[in-house]
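A.B. asks: For the sequence shown, the UniProt record's numbering assigns the number 1 to the initial residue and increments by one for each residue that follows.
Treat the hints as calculated values from the structure; they're not laboratory data.
These numbers were taken from a predicted model, which means no experiment stands behind them.
Where a beta carbon is used, it is the ideal one built from N, C-alpha and C, also for glycine.
A hint or two may mislead.
Derived lysine to any residue pairs resembling SDA-like cross-links, with alpha carbons at most 25 Å apart [what the hints assert, rightly or not]:
| id | residue 1 | residue 2 |
| --- | --- | --- |
| 1 | Lys12 | Asp125 |
| 2 | Lys18 | Ala69 |
| 3 | Lys29 | Pro6 |
Computed beta-carbon distance windows for the label pairs [to be verified]:
| id | residue 1 | residue 2 | range |
| --- | --- | --- | --- |
| 4 | Thr4 | Asp96 | 20 to 26 Å |
| 5 | Thr4 | Thr102 | 25 to 31 Å |
| 6 | Gln79 | Lys14 | 30 to 36 Å |
| 7 | Glu82 | Pro46 | 28 to 34 Å |
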Amino acid sequence: MGGTNPYIEEVKYKPATKKYTVTFLPSGKTVEVDPEKIPYGHNGLPGSILDISEGFKMGLDHACGGVCACSTCHVIVHQGLESCNEATDAELDELDEAPGITPKSRLGCQTVPDGTTDIVVEIPDWNKNYAKEADH
């Protein structure tokens, strides 16, 4: 799907200018994010956790195409949350619908690291869709 949500405020974020890493839990796989290659896909904000997850095939689900209209891309940012943009009211409203939220919960489609520190993010086990269509 992809695109924008005309019903929410524009998200303000600072894109990364240097390479950094994102470690995805529980797999423990670490990927190097190169700002020159952003966006990796067409879902979520450019350089968002969802965009990075899709670019490296990390399996973060997203029912709405990354436009902040659901809570399926819920992640928990264990390290590096301070380098990410602030959550908007629209994101916080959608997070209210996600099971298992924590103070470090965010929507992957709206969370954009600025590259000043490495990130550790957990994709909760209950949030994985093990049956997906093949990439076209």
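A.B. asks: Indicate, hint by hint, whether the structure satisfies it.
C.D. replies: Hints, one by one, checked against the model:
no. : hint                      : in the structure
1   : Lys12 / Asp125            : 29 Å, violated
2   : Lys18 / Ala69             : 30 Å, violated
3   : Lys29 / Pro6              : 34 Å, violated
4   : Thr4 / Asp96: 20 to 26 Å  : 22 Å, holds
5   : Thr4 / Thr102: 25 to 31 Å : 28 Å, holds
6   : Gln79 / Lys14: 30 to 36 Å : 18 Å, violated
7   : Glu82 / Pro46: 28 to 34 Å : 20 Å, violated
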